[in-house]
Amino acid sequence: MVLKVMSSNQAIAEAVKLVKPKVIPVYPITPQTTISEYLAKYVADGDIKAEYIRVESEHSAISACLGASGTGVRVFTATSSQGLALMHEIIFAAAGLRAPIVMADANRALSAPLSIWNDQQDSISERDSGWMQIYAENGQEALDSVLMSYKVSENKEVLLPTMVCIDGFILTHTVDPVDVPEQEEIDKFLPDYNPEHAYLDPERPMSIGTFTDPDYYMEARHDMEVAMEKAKTVISDVSQEFAETFGRKYEFIEKYRSEDADTILIAMGSICSTIKDVIDELREGGEKVGLVRVRVFRPFPVEEIYEAIKGASHVGVIDKNFSFSIGGVLHNNIKSMMDVNAAGFIVGLGGRDIKPSHIKEIVEKTKNPSNKPLWIGLKEEQ
Amino acid sequence: MVAIGAAVKEPGSTRKNKTGSWRTFKPILDKETCIECENCVMFCPEGCIDKNYDIDYDYCKGCGICAEECPVKAIKMERE
Amino acid sequence: MELPEKEFLAPGHRACAGCGATIGVRLALKVLGENTVAVSATGCLEVITTPYPETAWEIPWMHVAFENAAAVASGVESALKAQGKTDTTVVVFGGDGGTADIGLQALSGAMERGHNLIYICYDNEAYMNTGIQRSGSTPYGASTTTSPHGKESFGEDKPKKNMPMIMAAHGVPYVATASISYPEDFMKKVKKAAEVDGPAYIHLQQPCTTGWGYSPAKTIELGRLAVETGSWILYEIEEGEFKVTYRPIQRKMVSEYLNAQKRFKHLSDIEKEKIQSHVDAICVELKI
Chain W
1 MVLKVMSSNQ AIAEAVKLVK PKVIPVYPIT PQTTISEYLA KYVADGDIKA
51 EYIRVESEHS AISACLGASG TGVRVFTATS SQGLALMHEI IFAAAGLRAP
101 IVMADANRAL SAPLSIWNDQ QDSISERDSG WMQIYAENGQ EALDSVLMSY
151 KVSENKEVLL PTMVCIDGFI LTHTVDPVDV PEQEEIDKFL PDYNPEHAYL
201 DPERPMSIGT FTDPDYYMEA RHDMEVAMEK AKTVISDVSQ EFAETFGRKY
251 EFIEKYRSED ADTILIAMGS ICSTIKDVID ELREGGEKVG LVRVRVFRPF
301 PVEEIYEAIK GASHVGVIDK NFSFSIGGVL HNNIKSMMDV NAAGFIVGLG
351 GRDIKPSHIK EIVEKTKNPS NKPLWIGLKE EQ
Chain F
1 MVAIGAAVKE PGSTRKNKTG SWRTFKPILD KETCIECENC VMFCPEGCID
51 KNYDIDYDYC KGCGICAEEC PVKAIKMERE
Chain B
1 MELPEKEFLA PGHRACAGCG ATIGVRLALK VLGENTVAVS ATGCLEVITT
51 PYPETAWEIP WMHVAFENAA AVASGVESAL KAQGKTDTTV VVFGGDGGTA
101 DIGLQALSGA MERGHNLIYI CYDNEAYMNT GIQRSGSTPY GASTTTSPHG
151 KESFGEDKPK KNMPMIMAAH GVPYVATASI SYPEDFMKKV KKAAEVDGPA
201 YIHLQQPCTT GWGYSPAKTI ELGRLAVETG SWILYEIEEG EFKVTYRPIQ
251 RKMVSEYLNA QKRFKHLSDI EKEKIQSHVD AICVELKI
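Residue numbers (the working numbering), protein chains in the order written: chain W, 1 to 382; chain F, 1 to 80; chain B, 1 to 288.
Because the hints were derived from the structure by calculation, they are not lab data. The model shown is predicted, which means the values in this text are computed figures rather than measured ones. Just so you know, nobody snuck in bad clues.
Beta-carbon label-pair distances, calculated as ranges: (1) ASP192/W <-> GLU239/B: 36 to 42 angstroms; (2) GLY84/B <-> ALA44/W: 17 to 23 angstroms; (3) GLU184/W <-> GLN83/B: 19 to 25 angstroms; (4) SER323/W <-> SER153/B: 41 to 47 angstroms; (5) GLU112/B <-> ARG127/W: 32 to 38 angstroms; (6) ALA169/B <-> VAL302/W: 53 to 59 angstroms; (7) GLN133/B <-> ILE35/F: 39 to 45 angstroms; (8) TRP22/F <-> LEU3/B: 22 to 28 angstroms; (9) ASP157/B <-> GLU157/W: 53 to 59 angstroms.
Here a beta-carbon is modelled for each residue, glycine too, at the ideal position from N, C-alpha and C.
Turn these sequences into a full structure, and let the hints steer you where they fit.
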């Protein structure tokens with residue numbers, strides 16, 4: 001195993017190289033841009049044999065992905081924030097048309113005000129689309145998640161697209177040691193894509209993207225919910241297979257020192273690395289505190305989260321996003337799906353730095369919970 | 001039940017929907033007068049006039065374009 | 001021209017009686033043949049041909065949204081190329097709305113990138129599918145539901161957006177205008193478009209009985225009047241060289257065309273004269 005030091009953006013590009021997509025329509029946007037640049041270079045050097053479409057907007061990027069996926073080939077694209085928001089209409093269409101597209105989202109705050117810095121509002125706001133969502137903590141996980149997501153999305157019981165989310169700048173522009181698997185191993189793990197359901201071929205003409213009247217639409221949508229449920233089993237199976245070949249095991253959640261914890265924090269993405277450091281420090285001081293990191297956000301792993309937190313006296317959920325009037329989305333999803341009295345915290349919007357001191361503040365406030373979501377790190381009015 | 005993604009795998013399946021029920025007037029083609037210019041074949045929006053100048057009344061909506069465009073008035077629109 | 005026999009658009013679709021769009025599509029597909037994939041924008045054509053669980057299309061077909069047909073087709077074309085199916089034709093059918101207005105960006109990008117596809121805009125001069133609202137292609141003086149004539153207005157007060165010229169300015173190797181009423185001219189142009197290695201654009205005027213206000217039997221007659229009065233000019237631009245492909249023997253007065261349609265009925269003589277002089281100016285320039 002040779003470890004290379006690279007950014008999460010490069011790690012994702014390496015993963016894309018390994019899955020051998022045939023069409024890559026991509027539009028640059030900070031902080032995803034270097035993904036599109038690495039991929040362009042790989043294609044230009046013949047390291048990826050694909051049609052690289054220099055589309056003129058993100059809306060066209062996802063549209064071209066859908067056209068190519070509908071024709072029956074593996075595709076990839078990447079975006080962020082405004083680009084993802086521009087894709088919104090087609091994001092829903094892609095899931096509805098059951099296209100196994102895999103896309104990387106470099107989490108970035110949504111305008112207005114305009115910000116290029118990190119928070120998770122962009123992908124969180126697409127949670128109803130029917131896309132599976134994975135939040136990676138580091139470059140290795142980003143790479144591995146892209147590899148596994150193709151296998152899950154292309155599974156004929158699933159056929160739903162996946163977005164792999166990495167925190168903008170925090171992961172996209174910092175480096176990690178990453179193990180890039182061998183091509184032959186990936187070829188065994190992820191064979192060529194052979195579409196079975198809808199694809200454009202003059203030998204077998206079919207119409208994709210028909211219009212449904214009230215007699216049909218609801219069943220089509222329910223079928224997607226059933227597929228999202230099935231996806232849980234497929235995600236587990238694929239993770240197991242991945243672990244057996246590559247030695248790294250991923251679950252729906254990651255438990256960090258939470259088994260005997262009195263106070264448990266729940267969060268997604270790179271912030272968990274900071275939280276783990278603070279937990280280690282607090283544990284030194286005798287505090288029984290732990291972390292449950294949610295990795296797979298959709299399908300939402302209700303049972304797994306509940307099992308991990310039900311023994312704790314205090315639970316605090318950290319969101320890098322919020323929904324007006326009700327607080328953080330992860331917080332609300334947890335409260336609504338399980339019988340748990342969890343405190344909610346909103347942090348890090350628009351790239352606001354989250355320091356270990358903020359995490360400690362959150363641990364304290366979790367032990368004395370407020371019934372309203374608290375904004376941590378907000379500047380006080382002078 | 002609905003096919004996955006609401007894809008339709010049977011090409012030309014609109015043939016199950018007999019739009020002939022839409023019409024009020026019916027085109028009657030007189031093969032004696034017909035000079036086989038193919039105007040009606042080209043211009044029928046349903047494509048329901050074949051190369052033998054037989055009209056498929058299952059689908060004819062009675063729009064009257066064929067009668068209008070026939071250079072020798074071989075097609076007459078008759079009230080059904 | 002020998003008319004191929006096979007129909008690639010099955011009957012039973014929900015088009016209005018006398019619809020011009022389906023005539024255009026039938027003729028285009030007869031030329032392109034069965035090794036063709038079609039992409040549609042949202043609009044009349046898409047809705048009438050694919051009410052789940054039926055489809056009128058005998059060839060592979062895909063629709064995603066209103067403004068992205070050209071982008072979806074770019075993906076289809078690239079995928080076919082990657083699959084080695086370089087002899088499969090990709091044809092895109094977009095209405096004037098999905099082409100000149102909301103679809104303009106995707107079309108511009110696709111044409112600029114030079115994808116090997118044929119884009120056919122079936123132009124019925126308004127958003128007909130949603131009930132006759134004005135588009136950038138609605139001609140001067142036409143009454144639509146969003147540019148209705150009234151006490152303070154005579155209807156649409158802007159000329160048609162010149163899509164073919166915009167396409168020519170993109171350097172598209174083959175650009176043409178066409179009419180369903182001149183089928184041989186149209187089909188010849190479709191054939192030329194298919195032979196281009198790269199993008200081709202055909203702007204097909206298609207009279208609409210429901211939207212323009214005339215009896216369904218007159219669809220072809222209306223298209224003919226448009227061309228014979230010089231209101232719609234048939235030309236092609238091959239590698240930048242402009243050529244008129246049809247000249248009426250005796251150009252008719254524009255009022256003959258305008259008077260045949262309800263959407264122009266409200267126009268005063270002064271407005272009709274204005275339209276006549278505008279048409280005269282262009283036709284004199286082109287020797288029509």
